[in-house]
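Please build the complete structure, drawing on both the sequences and the hints.
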Amino acid sequence: MNQGLISKAYIVSGMPHSYLTPEASPSFARLSEAYAKIRREIEESDADLILYFSTQWLSILGYMFQADPSPEWLHVDQNWHQLGSIPYKFAIDTAFAQSYAEEVDALGYKTRLINYHGFPIDTGTIVAQKLLNPQNRLPAAIVSCNMYSEKDETTRVGQAAARALQASGKKAIAVLVSNLSNRYLVEAYDPKNNRISSKKDDEWNRKILDLLAKGSLEDVSQCTREFARQANGDQKFKGAWWLNGLLGQSNAFNGQVLAYEPVWGTGAAIVALTPTQPVQAVALEQSQSSEEGSQAALVEELTDFEGRSRPHTTAPVRAERAESKLPAETKLPANTQDAFPDFEINSEKSAEPVGSYPHARRYGDLLFLSGIGPRQPGQKEIPGVTLDADGRIVAYDVRVQTLAVIENIRRVLESAGSSLEKVIDVQAYLTNMKADFKVYNEVYNEAFGKIRPTRTTVEVGALPTPIAVEFKVMARP
Amino acid sequence: MGKGSIVAGVLAPHPPHLVYADNPPQNEPRSECGWEVLRWAYERCRASIRALNPDVLLVHSPHWPSFIGHHFLGLPRFQGLSVDPVFPHLFRYRYDVKVDVELSLQIRDRVAAQGQLTSVVENPDFRLDYGSIICLHLINPSWDIPVVLISANQSAFYYSNEVGADVAKIVGNATREAVEASGKRAVLLASSSLSHRHFVHEPEIPEDMSFERIHHHGQYLWDMKVLDMMRKGQCRELLDIMPEFNEMATAETKVGSLNWLLEALGVPDYPAEVHGYGTVIGTGNAVVEWTASKPRGAQ
Ligand SMILES: [Fe+2]
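Chains as they are written, first to last, in my numbering: chain W, 161 to 637; chain H, 7 to 305.
No wet-lab data here; the hints were simulated from the structure. It cannot be assumed that every hint is accurate.
[Claimed, not checked] The calculated label-pair distances, taken between Cβ atoms and stated as ranges, are:
(1) H:I247 to W:Q437: 49 to 55 Å
(2) W:S245 to H:K300: 40 to 46 Å
(3) W:E363 to H:V126: 35 to 41 Å
(4) W:E363 to H:S11: 46 to 52 Å
(5) H:E183 to W:K360: 19 to 25 Å
(6) W:P247 to H:D172: 38 to 44 Å
(7) W:Q390 to H:V126: 43 to 49 Å
(8) W:K197 to H:E183: 36 to 42 Å
(9) W:R559 to H:V126: 51 to 57 Å
(10) H:S166 to W:E262: 41 to 47 Å
Every residue, glycine too, gets a C-beta built ideally from N, C-alpha and C.
What follows is the structure in structure tokens.
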């Protein structure tokens, strides 16, 4: 257990699907599993409270702090009302809320403690709480996301949280509830066939997740504005600035991307950041300014209607911007996890593996299938193989075997949310090239002639079970 | 059953401040005064709408933002407590709203027939959005006219103002057709401010009017430009510049409520009546009425 102010930090998506309907899609289920994994971590942590910043709780007048000791309601999301109601009751650390508000007050921003019956807590915070801290084991603190705030201000409000923790002598789990890219699909959508709304958004999400997997939160914070512009980041992804301010503006974390999935076209991820150095508070007087200068100056720039709508005779004067501190080549800390999805697929509809390997494994945008033969689940007989009493092969039918192989592959692919049409590479192993190639090739052509994956066929001395053909396949998920 | 019609359209902004300053019994917080110019504008508009004797009030509301398509209410009554998530100190309002479910679903069907995604609220725990409640209260504080609420699709934020305008046009036309087929007299409310950059501070007494002014001059110029077009009946031209207005004035109309209203009205070429204009915490708000049947004098 580290000695800093933060036990661990998480970035989670606040889409309600992973809570209310995880069964509707493998994507929602994987998000839900990743949530469950961090819930167990939180249960074992030494933290005194769980601190939420959600992009779904927007404020205009500075910052709001939930200060009702036990806010309770039957919540229905404005958009996802068909998924059902969520009854909630939070236990709020009101003393911390007070102390955090005082720190933000000292920065000169308007603050308000919220203690009103029926105040609508946002869906994102509710979903995170339900999945991470359902029994209120840790008291919660919730701060709003200012609609207008830019990098400098948001970072300072994050720093203020660290000072409030220090002043209260408490240690926190920090949770940023935010999507990455936030562009919804507008057409009818089948949750089983998920996708990020555009390739560009997906690529930008992965850039950010790559940095987070390396624990480089400060680097993410420096890329945030560009990311938000390119991928319609959720509330400009400004939550990253808050989290970075709170965590001390550093890259000293072990990062882990536990899930990255599309939800209605948006980029939903579950990320864990473990401090490799104790997180300390930055004193108010040292509270760092970012490259933009003051918020007021930026507001001027953003709302300079006359400046923008009239032709310039001279170039507009801009604040000097410091060089980005983002290194060209980010060094990987030890114990790095990868940003890409990486998980096993085991299909009940396929024969038991004969060793300790899964039927398939997804890594990033690729599905890798283990070698698959004609064997059937829960069945001793192998299609197209006739054995004598001692288990020696008496006869075999390569047509029947090849058909069974392809059918088995189809089943594994479908349980991974893919299909035969998405196969991109096939390696085929035959135990008797001379005798079997022709028939194998006919069956193959029928199945893959239109799909046209790349293919390699080799003869091998033997396969692990009494079979004559096995395929090794790669596919798109 | 005769042909129904949209008897009026109103640009009906929804700052909770106006309800707060009014001290109605449904709202818990109390005030001394405030934003009178806008409240008096609403008073005039209210009388004018009353005189038209509408059967139903239709609201397109930015505070029911829908990420996918448009949502409609499918239950006849919603009751509850609405607490403004941004100004909870000003607005904690007990509502009891009657819905014209028949018309709600008729509009839904026509929107869906245009290939748009729709969904219907059948969850009685659903809370109505404060934007709708506020403008409905200001137009009809006795709540004796049933309502239809239409969510505001957010595609302008994901794609562009032009895409948002196209979507609002489809919904506007579908609304008009459904009203005409229904035989009802409908008043449409576009629940929206104009320029929408707020101050991020507030005086100790929220209704301290010595604080109230426009956020910046650029916003004011844009607001006056669009109000002038409304007063001259130049709504086609207004729709043309709306994408630019939305950006330049950080306008709340970006979500398409005003587009929906103007399209549903068949893009008026007659003068609108500006009942009044005022700022609320820096944003620009006007109560504007389009009633084709009413003769207008000099404005
Ligand atoms: Fe609003």
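Hint by hint, here is what the structure shows:
Between H:I247 and W:Q437 the C-beta distance comes to about 54 Å, which sits within the given range of 49 to 55 Å. Separation of W:S245 from H:K300 is about 45 Å and conforms to the stated range, judged on CB atoms against 40 to 46 Å. Separated by about 37 Å at the C-beta atoms, W:E363 and H:V126 satisfy the suggested range of 35 to 41 Å. At roughly 51 Å, the beta carbons of W:E363 and H:S11 sit within the given window of 46 to 52 Å.
Take H:E183 and W:K360: their Cβ atoms lie about 37 Å apart, and the range 19 to 25 Å is violated. Between W:P247 and H:D172 the beta carbons are some 39 Å apart, a value that agrees with the proposed interval 38 to 44 Å. Checking the proposed 43 to 49 Å range against W:Q390 and H:V126 shows it is violated: the Cβ atoms sit about 35 Å from each other. Separated by about 51 Å at the C-beta atoms, W:K197 and H:E183 break the suggested range of 36 to 42 Å.
Look at W:R559 against H:V126: about 53 Å separates their beta carbons, and that is inside 51 to 57 Å. Separated by about 42 Å at the C-beta atoms, H:S166 and W:E262 satisfy the suggested range of 41 to 47 Å.
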